[in-house]
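Chains B, C, D, E, F and G with the ligands: place on chain A using the hints.
Protein chains in written order, with our numbering: chain A, 1190 to 1290; chain B, 7 to 125; chain C, 762 to 860; chain D, 887 to 1025; chain E, 2 to 160; chain F, 16 to 758; chain G, 6 to 501.
Hints in this document: simulated from the structure, not taken from any laboratory.
Just so we're clear, the structure is a prediction, and the values are computed from it rather than from any experiment.
Glycine included, each C-beta is placed from N, C-alpha and C at the ideal position.
Here are some chain D residues the structure puts well away from chain A; computed CB gaps all over 10 Å:
| id | residue |
| --- | --- |
| 1 | L912 |
| 2 | G940 |
| 3 | R945 |
| 4 | A947 |
| 5 | D954 |
| 6 | A958 |
| 7 | I965 |
| 8 | L968 |
| 9 | F972 |
| 10 | D975 |
| 11 | W982 |
| 12 | L1000 |
| 13 | A1020 |
| 14 | V1025 |
According to the in silico footprint, chain D covers these stretches of chain F (three or more CB under 8 Å from chain D):
| id | region |
| --- | --- |
| 15 | 636-649 |
| 16 | 737-746 |
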Amino acid sequence: MINVIIGIFLLLGGFFALVAAIGVLRLPDVLTRMHASTKAGVLGSSLILIGGAIYLAETEITARVIATIIFLMLTAPIGAHMIGRASVRDLKYKHNKIRND
Amino acid sequence: MEQLLSILIGILVASAVYLMLSRNLLRFLFGLILLSNAANMTIFVAGRLTPGAPPLVPDGLDEPAHVVANALPQALVLTAIVIGFGLFAFALILAFRAYQSLGTLNTDEMRVAEPKEPQ
Amino acid sequence: MTSAAFLDLAIYASFVMVMLSLAIAFIRLAKGPTLADRVVALDMMTVSIIAVCGVVLVGTGEPALLDVALVLALVGFLATVALARFAERRDARENGEHQ
Amino acid sequence: MNSVILRAGARLQVVLLLVFSAYMMLRGHNAPGGGFIGGLIAATGFVVYAIASGTADARKALRFDPNDIAGAGLGIALIAGLMAVFWGDALFTGQWLFIGATETEKGLPLSTVLIFDIGVYLVVLGSVLSITFALEEAV
Amino acid sequence: MNLFLLNLLLAVIWASLWGSLTLFQLVAGFVVGFVTLWIAQPLLGGPNGYYLRAYRIVRLALYFIYDLCVSSIRVAYDVLTPTDYSNPKILEMPLDVQSDIEILLVTNLISLTPGTLSLDVTPDRKTLIVHAMFADDPDAVIASLKNGMERMVKEVFEA
Amino acid sequence: MTPAGLLPVVIAGSLFVWFAQMVPVIASGDTLRFVWEWVPSLGVNVSFYIDGLSLTFALLITGIGALVMLYSARYLAGHIHQARFSLFLTSFMLAMIGLVISDNLLALFVFWELTTITSYLLIGFSHDTAKARRSALQALMMTGIGGLALLAGVILIGTTAGTFEMSEINAMPGVLTESVMYLPIVLLVLAGAFTKSAQMPFHFWLPNAMAAPTPVSAYLHSATMVKAGVYLMARTHPSLSGTDLWLWALTIAGAVTMVFASVMALRQTDLKMALAYTTLMALGALTLLLGNNSSYTITAAATFLIVHSLYKAALFLVVGILDAQTGTREAGKLFGMARAMPVTAAAAGVAALSMAGFPPFLGFIAKELSYAGAIAVDSEPFFVAGAFLIASALMVAIAGIVAFRPFWSKSGAPIAGVKEAPWPMLVGPVVLATLGAFFGIFPQTLATMLVNPTVASIIGDAEPAKELKLWAGVNLPLFLSIATFALGFAIYAATNKLRAALINLTERSPKFDNGWDNLMAGIASGSKALTRVIQTGVLYHYMVATFGTALAALAVTLFLRSTGTPALDFPQVELWDWLVFLLVLSGSILVLVTNSRITALAGLGVVGISLAMVFIFYSAPDVAITQLLVETLVVVLFAAAALKLPSLSVEPLRKRWLDAFIASGLGVVTTIILLKVTAGPVDRELTTFFETASYPQAFGQNIVNVILVDFRALDTFGEIAVVLIAAIGIFAMLKSKPEEEKR
Amino acid sequence: MSWYLTLPLAIPFVTAVVAYLLRSNPVGAWVSIIGSGLGLLASIALMVVVLDAGVVVGQMGNWPAPFGITLVADLLSAVMVLITAITGFAVAIYALGDITERQAKLGYHALFQLLLAGVTGAFMTGDLFNLYVWFEVMLIASFGLLILNGGKEQIDGGVKYVALNLISTILFLTGIGLLYGMTGTLNFADLALKVEDIENQGLLTVVAMMFMVAFGVKAAVFPLFFWLPAAYHTPSFSVSAVFAGLLTKVGVYALIRMFTLVFDHDIGFTHTVLLWVACLTMVIGVLGAAAQSDFRKILSFHIISQIGYMVLGLALMTPLALAGAVFYLVHHIIVKANLFLIAGIAKRLTGGTEVYRIGGLYKSAPFLAILFLIPAFSLAGFPPLSGFWAKYIIVKASLDVEMWFVAFIALAVGLMTIYSMTKIWAEAFWKPHPDGLDPKLQNLEHKWAQLLPVAGLAALTIFIGLNPEPFVQFAERTTVQLLDPTAYITTVLGEM
Ligand code: NA
Ligand code: NA
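The following block holds chain A by itself, in its conformation from the complex:
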């Protein structure tokens, strides 16, 4: 039974990771691509790590998994934000357009 749960976590995680990557490849511009990587990417790896935590079932491991996920969720958006700034400079015209409406 536990194995199945772990398996599902892994499969979901892998799925979201893959989705995120496809998103990064397929979505039309850098900003939309970042949506994929930050959201699906983070979720995917988190799910897989949780699967690992359940699999090993040790307090220490669990603690570190939680830590990892927190770190991930803390850093990923900041990274996205930085890229966002950069690309907004790239797409300044858009930015101005927004400011105008």
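Here is chains B, C, D, E, F and G with the ligands on its own, set in the frame of chain A:
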């Protein structure tokens, strides 16, 4: 896998050398990174590969229960990576300063220490 | 099929998916076109590696890999920050970066 | 770098990474980690901070001149290596002291090896920061 | 005061990292945390009122995790189905929260939730620049963000 | 006169006395030997051996030395560098003494080189003039070449004979002449002797050496140093002579030098140069005579050696006096100075008569003996005698030109207001000239004291030395003498015509001296050209050379030495292995092709990450973490530095076939070697120890970390030192301000 | 206990740390001097012990060889350590008059001490990878010292120096990996034994060649020497003195160590290659020198040609030849370092190093002139100076094995050396200064700080020259150890 990695290392070496032979210091630096990676990999591969068994002594035991990966090459590679980082950092900043004071990254134009003699 | 078999299958499948995500992200990295795109791709690859660690962790039952994931989660974004800042500060004259 | 978000994040990062780096260093003897990895992690924290708030603030936050930190680190490692002398052993012979050791519990291990690793930690931290700060100030 | 709390927090984190919530680990963690904070002193405005907020934190966390999953599924759907991204927009959302930690939370959470991604906060800390994937009605999007994430975060940090 | 000037006189004088008191012992046929072990493990001793030959030389060196030094004490009085001059001259004398009394060939060589150095410093004494510097270098290089040849010869002699002690070697008849090494030995030794004694074609440095102050010329270039070569030939005569090689080499070199030199002497208008060439002639004569083994020739050689030293030193000093008192050495400007400087004139006259070989002077006896020897030679008596005839006749003429015309000739007006030289400068010429006369009248004293022992030490006592006497009866040598005088006077009478003829002849003929200049220029330009090709100053060339060498070394060795071909059957290669492989491959390609720094950086990042995955898969978590951290830092540093660096130049469409070849070659070679190395299992002895000792003995569960901080802590210590140093260096680079670049 | 062994290594490190923490304080220079002095005493002590014991080993961390890292001092190591300490001490004093306050603040003294430490470590380690580490310490320290002035010339020279040395470093590292992959060990002694069990000895030769190239770059042999003339004339004189004295010698030492102890399985191939390399190095180097007119460039090229002599000694591999190589190493370090120090004084007096643009030293600074003549003529191989015996032994060794051509080259190169040395002498010393300058030693700041080391080294040259016997005997004892490493191996690995 040793074989595949051997080929991989060959590829790394080839790309690295080609980059280092270009007359641009930045490309030289790229090559340098690849080449040190190749060297580190060489040591790692020379120690042979063992998947999924890090050289750790499990709690409550005096030594690994089953075969674990060769620890010595890992230690060597670690040291080599660190040293490689030091060297790279120096080389990078040297290139940086070279551009500042010589105004070029093209090594053909770096002729201050060994100037062209008037023919 | 037994739960154990299912787990093995799941491990393998998710491993393949994760590796694929790496490969696909790389394609974006190679294609660009903008600097930001490449950075996004690299960022994505970092996240994928974390996932890889997780899968291998389950596959080998080797907790040591968790540390790799942890470290990546911590510093992975440093590269992103540095590159993004570069992209941002890059002068207009260096449009060479675009193609 | 005038990013409110990054600055805010960076401060948190410094704290978390410092704790984490200490953790990685201390456990290094029994699990992945050690002085070098610890030092690097600690350094990344301050590097982020330097990028976010500028090297001036970063140097203030660090309090000590990174060069001195590195130098002191080498000194500490050296002392750790030379300490063996007081036990009449060859250089870099590990000397161990187990605080509160009992038959069952190994107790808290203190050793010249640990001191050595601390030295490594400091050298790496100091050197990396010295390099990055100097570079940040040059660009 | 709040420093002391943060310090405790660090002690706990430390102990949990070691995976053993023994007294010794807590003490060690406290010491390490103290050193850390001493080093990090200049950086910390620090959170206030620690215990009061436990409940709201948990609520926020749950809400966020739910949102994250939803948003990811949404992304998955968009990615895997031929969708037209007719009007992704860059919006400006007036920002009420002021402290670093709050801004950080808001922006991060917004980035991790459906359709929106925080790009930047203007230096005057008054506006948050958000990228919305489906901004057919910008004001609606902004409203949902303000009443959603920002409100909860604000509540967490209210005195 | 200053102490700096007089001290050398005292030294030389006392040494002369010390050697003089050995004369009776040596004359009685004994020899003295003193040995002090210097470098036994190389067979080098400081061993002094005093027999007739060395004693004769020692006496000439110290005796003439004392006189010359007295002379120069006055000649250089007040010169700012007189002290240095005295120092050099004295050290030269000591070196010269060491040379002639050393029994150990290596010790002899040491002194030989010391004379070279000191004479270099003496010839370049007036170092402000380019001419002096050039002559000094020329002398140094020529004698230097000879010296190196001699060194090789000495080593060969040592290894062939098993000892460096000349006395022992000479006691082993045929040990050298019959060895396979004989030819190289003779050639090398003669190369040393000929260059030192300025035999054709190594002669040209000697006339140039006249740039030195006159006392130096008088001492080094007539009496002593140039005779070192003669001494060497005499010293090695017992063990090297007696073969056609020896005979003909010395005969030809000697004869050619002799005639050429005396003709050149006639050509000179500068009296000092004329004397220089007559010195050459004398050296040629001595060389020629030493080629033979007959008692006649050797007796002649011994006698001629002594007499030449006496009169030549005297005449050089006389010319020096003329120069000092009148300010010129030009034959065309000096007439009838006898009234102004009678003592000089007298000394000059006596010395010149000896030189010209008039009875009753020693020169006459020497000449007679030489003719006797010439007739007795084993080679071609007729030609040899002819050569002597021409040379001696020219000597007569030169004697007239140098010592008669300036003082007695009425064909020009004497320079007014010239005073006689001060006594210290006169002592030398007078004493030397007088000795020439004295020994002419009492040849037996000289014979018993020096000549006979000398001859004995050259050809042994088997055949006693020929008797020295003024009247040897009516014989062929007498007739030759008469012919000599007749011819000599004729030449003297026709001097100016002949000189004119010779001058425009030599103008047109190629000069050795120019050859030297061309050689020097050739070395300079040649080496410059070569260096331009090799040390181009272009980093690219250096890199190609370095990588190329590596490739060549590895590939060739692999081809020549290594056996077997590596197998390529990818066992247990998993899917993800291939994926990593592809990622690294494409990452590297990305770096190779892109012109965008950040793309390149990203490519590197991919490579780094993928390699980190290899570490993850193959159980190296510490390495993986480190790799990732370092990779990140590299990116950070690069991204920061790139802010101030220009973007990558678009690779020009240069054909980089060479680079591609070297690069791919190295890649292939690396792969092959690695495949061969990893073909079998690895010896895990060390690892096993670490695994078993890590926890029980080093209290650590992370074996890698235990290796780093305990088993191999020294590595880690060095490693952090590297990091620290890198930081220091980088800090220094970044903090050195541009304005400080002007230094 | 291995104290004699560890002190010469520990002292420079301690000195470096102290000097670095005091870098902004003028006392730093004295720290460096005192440290070097103590280091000198320590290495003398080591030499005394080694002379008595033959081989001394210290197992770092008390881990038995081949598991831990072993420090080994046989006669060769001991003498190299001693000569390093001597040079270091001399240069440390000289630095008083040569190193600017700014350079000191940037950490000159620490870098200098760390360089000495790296060199010493390289000479004393008995472990291949540890040797690599010390090479790096030395290399990166030399990088730092090279560019410390931050001038255009230093940077440009630095680029070439760094680029080419990094290549050799990575080659070395790769070689270590391969050799480990074949033998599974890193300890020299253990390697010496284990290489004999390798069945594919040909492959071993290939790896040996990799090391030869790597060390060849370090030793600056033909055709791998380019980095040396590109850089050695650019840094401060103390720096180039210690570079000229020590750095290339570490490469030569490594060649000697590896190709007598470990790679002695295919001498017919490896040492023949070395022989040709040696000859070409001698010739090209000396011709390069003949083409130069800069004091330091002339000296730099001569380093190369004389490296050729040492490599020749190794290539011939006869007892006498190896003894010659050892003797040459010792002699050359002293003499060449000294000449660079003198070049520095000459520059400060005459305002340049371009010999055609300076002069007048013989007239105005006779003491300096004498101090120059001694090492210069020694370098040119004139008796009775140290260089003569060095040259003599090498030439005799090659004649003994009837290598006429080699002997001829060795001698001819000697002649060309005379040529360049006299060029310096005639132009910089004899010739009057073109600008009528009159370079008196009195005008020199810290006069004695600069003259004492020079005089000391010159005295050493003369001493060796006049009293070569003990040195020759020492060299021969060293050679015995090198050619029969049994003692070395058993002492390191313990009686087995
Ligand atoms: Na062997
Ligand atoms: Na051996």
